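Colleague: Take a look at the letters that make up each chain.
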Amino acid sequence: MSHLLEISNLSVSFLVRKKWLQAVTGVSFYVDQGETLGIVGESGCGKSVTSMSMLHLLPKTTSRVDSGTVIFDGTDISGYSDKEMSRIRGRRISMIFQDSMTSLNPVMTNGAQLVEAIKCHDRNISKKEAEEKAISYLAKVGIPSPEKRFREYPHQLSGGMRQRVMIAMALIQSPSILIADEPTTALDVTIQAQILELMQELKATSNVSIMLITHDMGVVAEMADRVMVMYAGNVMEVAPTKEIFANPMHPYSQGLLASIPRPDKTVGKLSSIEGTVPTLQNMPVGCRFSTRCSKCTSKCIESCPPLFRKDGHDVRCWLYADGEAVDGTSC
Amino acid sequence: MGKYVLRRLLVAIPTFIGITVLVFFLSYLAPGSPLEMLFMDSNADAQVMADMEARLGLDQPVYVQYFRWVGQLFQGNLGYSYRTGLPVWDMVAERIGPTLLITIASLVLSVLIAIPLGVMSAYKPYSGWDYFSSGLSFIGAATPNFFAGLVFIYLLSVKVNIFPSSGMYDSAGTHTFLDLVHHMVLPTLVLSIQQIGSLIRQTRGSVLEVLQDDFIRTARAKGCLESRVLFRHALRNALSPVITRIGSMIPFLVGGAVVTEQLFSWPGLGSLMVLSINSRDYPVIMGITVVIAVAVLIGNLIIDLIYSVLDPRIRYSK
Numbered sequence: 448m449s450h451l452l453e454i455s456n457l458s459v460s461f462l463v464r465k466k467w468l469q470a471v472t473g474v475s476f477y478v479d480q481g482e483t484l485g486i487v488g489e490s491g492c493g494k495s496v497t498s499m500s501m502l503h504l505l506p507k508t509t510s511r512v513d514s515g516t517v518i519f520d521g522t523d524i525s526g527y528s529d530k531e532m533s534r535i536r537g538r539r540i541s542m543i544f545q546d547s548m549t550s551l552n553p554v555m556t557n558g559a560q561l562v563e564a565i566k567c568h569d570r571n572i573s574k575k576e577a578e579e580k581a582i583s584y585l586a587k588v589g590i591p592s593p594e595k596r597f598r599e600y601p602h603q604l605s606g607g608m609r610q611r612v613m614i615a616m617a618l619i620q621s622p623s624i625l626i627a628d629e630p631t632t633a634l635d636v637t638i639q640a641q642i643l644e645l646m647q648e649l650k651a652t653s654n655v656s657i658m659l660i661t662h663d664m665g666v667v668a669e670m671a672d673r674v675m676v677m678y679a680g681n682v683m684e685v686a687p688t689k690e691i692f693a694n695p696m697h698p699y700s701q702g703l704l705a706s707i708p709r710p711d712k713t714v715g716k717l718s719s720i721e722g723t724v725p726t727l728q729n730m731p732v733g734c735r736f737s738t739r740c741s742k743c744t745s746k747c748i749e750s751c752p753p754l755f756r757k758d759g760h761d762v763r764c765w766l767y768a769d770g771e772a773v774d775g776t777s778c
Numbered sequence: 023m024g025k026y027v028l029r030r031l032l033v034a035i036p037t038f039i040g041i042t043v044l045v046f047f048l049s050y051l052a053p054g055s056p057l058e059m060l061f062m063d064s065n066a067d068a069q070v071m072a073d074m075e076a077r078l079g080l081d082q083p084v085y086v087q088y089f090r091w092v093g094q095l096f097q098g099n100l101g102y103s104y105r106t107g108l109p110v111w112d113m114v115a116e117r118i119g120p121t122l123l124i125t126i127a128s129l130v131l132s133v134l135i136a137i138p139l140g141v142m143s144a145y146k147p148y149s150g151w152d153y154f155s156s157g158l159s160f161i162g163a164a165t166p167n168f169f170a171g172l173v174f175i176y177l178l179s180v181k182v183n184i185f186p187s188s189g190m191y192d193s194a195g196t197h198t199f200l201d202l203v204h205h206m207v208l209p210t211l212v213l214s215i216q217q218i219g220s221l222i223r224q225t226r227g228s229v230l231e232v233l234q235d236d237f238i239r240t241a242r243a244k245g246c247l248e249s250r251v252l253f254r255h256a257l258r259n260a261l262s263p264v265i266t267r268i269g270s271m272i273p274f275l276v277g278g279a280v281v282t283e284q285l286f287s288w289p290g291l292g293s294l295m296v297l298s299i300n301s302r303d304y305p306v307i308m309g310i311t312v313v314i315a316v317a318v319l320i321g322n323l324i325i326d327l328i329y330s331v332l333d334p335r336i337r338y339s340k
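Quick note, the sequences are listed as chains C and G, same order.
For the first sequence, the working numbering assigns the number 778 to the last residue and increments by one with no breaks.
For the second sequence, the working numbering assigns the number 340 to the last residue and increments by one with no breaks.
Keep in mind the hints are simulated off the structure, nothing from the lab.
Nothing here was measured: the structure is a model prediction, and the numbers come from that model.
Be aware that a few hints might be false.
Heads up, simulated BS3-like pairs for lysine-lysine below, C-alpha to C-alpha not over 27 Å straight-line [stated by the list, open to error]:
#1 466/C with 146/G
#2 650/C with 580/C
#3 146/G with 465/C
#4 580/C with 507/C
#5 507/C with 146/G
Part of the chain C face toward chain G, derived, beta carbon under 7 Å [what the hints assert, rightly or not]:
#6 533
#7 549
#8 550
#9 552
#10 554
#11 564
#12 567
#13 571
#14 600
#15 602
#16 606
We put the beta carbon where it would ideally sit given N, CA and C, even for glycine.
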């Protein structure tokens, strides 16, 4: 079965003080039609870099893709030029970002930015049609008095409303995939819930696939069909959402889940994973989690494990070496 | 929007009053009495001098002199030149055209050259383009205009006689537009050089900063072409600080015009200013200063209006 989006062995480096340092190493995953894939991990683990590099949105002067293919809808788009990519971006694969306060252009009206998202891909559409479509999408994402909001500027809207405008803009071309890069992180909890609900609704009506990048396990539990856990530029574990919450296999996944505060249980101290993520300059030779892992062995320090497939999970950990190795070592 | 304009206009009024106070009292404090200039002859009759002093109102207390001067000012009377006896306003009116001509021309030239160069530098930092325009901006900003003027005259008028070194028209007497443009080239260039330098740097820095902004990423992510991202999204947001820089250029342009006009014998306000300072012609000095101050005030008002057109957040703020 072929997947809607399939990424293989993606590695991305950044230029830091005249040296190329790899931030994402050998990342492979897929997204199916109508599916929501949650990508979780700490800040700086490569979640955003992975999605941005797929769309060629990383700065060209300070970043480069070392390896990897991105097969979208049967075509390898990894070698596409800017011009070819601009036909994919916004039309086939859309993206919404964390900070809705700064993600909209402050000197253009909301309407003009929506109309632009239509006209960039469809030059023949009349101004009136484009405007009507834009207003209908504002209504669709639950913005009251859309005609008025259409003429207003982003600074006249609240954070939640701005994120709705972003969502309307992302979905206006009916894309196959929506990449949501921490879409609710900057919003307060009630607005968060509303935005997530809206995304669920829109997904149900349009069958769009969602790549949901977040560090909020609660959001993942609510939204995702499958979860991919990333750490220090590696995929650590991939499994269906229910599976990963019920039976996390990788010590890092276990640590992440244990760190979720439980309001129903009184505990003296909140659980956490000791230590910090290694910097790009000091990546361990072996397993990248070995410096913080409570189950670390000498093998973990010496060599990096491949992804092992076991009980429906793909896990990058020597503890599961009895499973089938699904990719080469790629640390 | 209307409210914003009105507020800007109201702020201009106390500024203008402040200018008149400064101009008047600084001239008053300057050493040497105008009477000495009028009567170069040291044997002048004391009675005649006293009469003249009374006639010019110089025997009155200073605040009376000030209010009399301001009163006349609001009636459009800037007084009479001690040197020529002509009304100051007529002398200024005759000279203001040529000055506005080269200052506005050099403002336009600076903007047309500096903004595209600055945008290119910012879009491809550390490229050949960037080094070229950065080099140009350093040289430009570091070259005093009297020096640039002398170099230009030496190279382009003396060595290779392409452009005339002085005046507005040929001495032949026919005043054609082409002749005027031909004479304008060097003074306008000289006046522009420093402005171009600082404007390139401002534009580069400002566009470079805006290109890091999240909404640029959004514009790319929705499939806009690079040219649209750069000119529609980045440049427009980057323009506010550039406009500020242009606003602060206006007084420098006028100041620079004083030197440049002198250098190229350009019959503008600047050369009249130098002439009047040398002959302690206070009414003319004060008149020119007030006119220049008003020009700068109007310039800043226009800048404020451009701001509000560019940035809706200014327009709507209460």
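Colleague: Hey, residue 466/C versus residue 146/G, does the alpha-carbon distance stay inside 27 Å?
Modeller: 20 Å, holds
Colleague: Does the interface hint hold: is residue 602/C within less than 7 Å of chain G, judged Cβ to Cβ?
Modeller: With a closest approach of 5 Å, the residue 602/C hint holds.
Colleague: Need the status of pair residue 507/C, residue 146/G: alpha-carbon distance at most 27 Å?
Modeller: Within the cut-off at roughly 10 Å; holds.
Colleague: Taking the least C-beta to C-beta distance, is residue 606/C closer than 7 Å to chain G?
Modeller: This interface hint is violated because 13 Å lies over the 7 Å limit.
Colleague: Given the hinted pair residue 146/G and residue 465/C, is their Cα-Cα distance within 27 Å?
Modeller: Measuring from Cα to Cα gives roughly 18 Å; hence the hint holds.
Colleague: Hey, residue 650/C versus residue 580/C, does the alpha-carbon distance stay inside 27 Å?
Modeller: Given pair residue 650/C, residue 580/C holds - Cα atoms ~19 Å apart, limit 27 Å.
Colleague: May I ask you to test the interface hint for residue 549/C with respect to chain G, counting a Cβ-Cβ separation under 7 Å as satisfied?
Modeller: 4 Å, holds
Colleague: Would you settle whether the hint for residue 571/C is holds or violated, based on the nearest Cβ-Cβ distance to chain G being less than 7 Å?
Modeller: Since the shortest Cβ distance to chain G is 16 Å, the answer is violated.
Colleague: Given residue 567/C as an interface hint, is its Cβ closer than 7 Å to any Cβ of chain G?
Modeller: 5 Å, holds
Colleague: Answer holds if the nearest beta-carbon of chain G is closer than 7 Å to that of residue 552/C; otherwise answer violated.
Modeller: 4 Å, holds
Colleague: Going by Cβ atoms only, is residue 600/C closer than 7 Å to chain G?
Modeller: 5 Å, holds
Colleague: Residue 533/C was flagged as interface toward chain G. Is the shortest Cβ-Cβ separation under 7 Å?
Modeller: 5 Å, holds
Figure legend: structure checked against the earlier numbered hints; hints not met, in rising order: 4, 13, 16.
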